[in-house]
Amino acid sequence: MKVVTGVIGNDIHVVANRLMDLSLNARGYEVFNLGVNTYLEEFFDAAVETGADILLISSLNGEAEGWSREVKMLKAGYQSLDNLIMMIGGNLSVGSGNAEDIIPRYKNYGFDLVCHQVDLNTGLDMLDSYLQEHRPS
Amino acid sequence: MTANDNRLLIDIGSTYFKVSSKDHIEQHFRDFNKRILDDLMQKCGKTVQAFAPENIHICSSANGGLSSLIIGLTHSYSLKYATNIAYNAGINIIDSIIFQDIEDYSIPSDLVDVVIVVGGIDSNGNLFDTRLDTYLSKVNYSNVVYVGNATDAQALSARIERLTVLPNIIDNRLHIVEEHLKDYLTNLYQQDIEGKEDIKHLYDITGNQIYSTPYIVSQSLPSIHGKFSVTDPFILLDIGGATTDVHYSKDLISDNIVTEQGHDRIVFKKLGVYKSRQSLIFTAENNEYAYELLMHLKVTENIYNEHSEKATKILMQLAIFLVLCKMSHYRPMYVTLRLLTMNSIVFTGGITKVLTEDDIKDVVAFFYRKILNSDHKPATVLDTNYDIWTLGAATLVSQASHAAVDHAGSGVTTNSPGAVNSHSGAQEQSTCP
Ligand code: B12
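Which chain is which? The protein sequence lines are A and B, in order. Residue numbers are given in our numbering: position 42 of the first sequence equals residue 42, and the series is strictly consecutive. Residue numbers are given in our numbering: position 234 of the second sequence equals residue 371, and the series is strictly consecutive.
Looking at chain A on its own, in the form it has when it is part of the complex:
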């Protein structure tokens, strides 16, 4: 499975991104890591060029929500991304936030999997089970 990943917006927190790259590779995904400081259009464009199955966005510095509001509109402009699995994780609010409010909001923005302050491995386990359920091979 192909995964495009990176850190959205002007965010430069790079540590989680490096760990994400390693963990995804270790789990057998084909990883396209766009790194920090990646704009939404670049994520979608990379998904088109690679034929990715999954888009996995990180956000640490509090920018996530602003960008996420644009997801549906921007994605609607692409004809080949209807089956793309959308996942986001990191710090999804400014301040600590409350996962119970945050998750439904982000699902509404167009994400299938939302991991607010969830550690990486738990998040990737969630992805594995999601795939088993929705894309049994």
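Calculated from the structure, these hints are not laboratory results. Predicted, not measured: the structure shown is a model, and the values here were computed from it. A couple of the hints might just be wrong.
Where chain A lies over chain B, by a calculated footprint (3+ residues, C-beta under 8 Å) [to be verified]:
#1 212–224
#2 249–261
#3 306–318
Quick reminder that beta carbons are idealized off the backbone N, C-alpha and C, glycines included.
Since chain A is already given, all that's left is putting chain B with the ligand on it; use the hints.
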């Protein structure tokens, strides 16, 4: 003058030509009723005759460069990478098409020299359905090259006649791979220059290959600091009669295009003060600040209808302003330069003969104040003596003679001076300084 000792360097532009030797430089407006060679010989025959053909080096931008149409999958990767490579090879782009919307694009009315089709990493495929064939069947083009994913190459070759297939310009990590397409386009441009009836005659006076002018200018950039006090990062503006060329330090963009070379080029096709005068005026009329600039320069829009020295001067000032606008966040293009971190602007070409340093500084300051709200003042450097062009030509000449020595040493036979291959050889050297 930097021309090496007994060399004569000739640059044929769309509007005028210049001829430079060790201690002498002259510039003449072209007479379009004459063949270039006749015009040149009439105006500087004595000078030309004083040099042996092997000491005469010619470059040309007279044909305005080749035109290309790019069809790709996304703005951030396929179109952007192909655009970057095309500009660096001296090619102009008339349109870029996002494939999924190809049916919504109009068909270019003019002949397109080369269509570039690109998209997808090699493991992705089946990306170009028959909408591509339908579109291409309506376009009038001379060449078509495919530089997209390997999976689709065979099927496309079968469907599209005379399709040249080259390795993908997007690698498996989504990085750019320049060399194959760049060589192909540079050679195409080179062949075009050499094939042009008017240019062909120039081989009567030179024993050397005729190059494209933007290529010559790009050759000078790595060694520009030896000649001028230029502080990095910088841009170099060549505002010509038909087009405006901008060469810029890579440090001015934050971008996903990672390559080894330190400079890139963009060209504004319809921005010039003679041949493209009308479209320059049109662009100015559509820029809300251009009017203020005219007021600042104490003229009115009536100047557009005048054909005087003063009008030429104002148009050149407008051209500087409009180009800076086009490269800033105010009018984003395929790249946006971080103009607030730029330390020098170098001006070359005819503009340096018409505008004074103060005229230029005035416009640059106006741009920074109005558009970027800043007092930033990059140093302005004027190449009044065509040193940049001479430097580029001299760099090429010395590269060519080194290459000849290398080849002789290895027992490999060299190509004749006019051969296209010698060009790409020189180019490879330039990208790995
Ligand atoms: C180091 C650091 C920096 C460094 C970054 C250096 C670098 N290049 O990486 C510097 C000093 C530059 C920096 C700058 C800023 N930072 Co800072 N920074 C941190 C800090 C201390 C550690 C981050 C880190 O590397 N952690 C280690 C990694 C491994 O953990 P992690 O990033 O939390 O990621 C884990 C999970 O979130 C998860 N994860 C991440 N992404 C995803 C995605 C998915 C799908 C899943 C499942 C899981 C997942 O996996 C990781 C491992 O489990 C945190 C505080 C903290 N303790 O977390 C603040 C923190 C992230 N920074 C913060 C802020 C505000 C900033 C600044 C805006 C400060 C400022 N005012 O200038 C700037 C922003 C700069 C920018 N443009 O982005 C805030 C963000 C607050 C928010 N979201 O509300 C934090 C939380 C500090 C705080 N408590 O206020 N920062």
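Hints, one by one, checked against the model:
Chain A is given as covering the stretch 212–224 of chain B, and this holds because 4 residues of the stretch bring a CB closer than 8 Å to a CB of that chain, at least three being needed. Only residues whose beta carbon comes within less than 8 Å of a beta carbon in chain A count, and the stretch 249–261 of chain B has 5; three or more means the coverage holds. Only residues whose beta carbon comes within less than 8 Å of a beta carbon in chain A count, and the stretch 306–318 of chain B has 3; three or more means the coverage holds.
Checked against the numbered hints given earlier, this structure breaks none of them.
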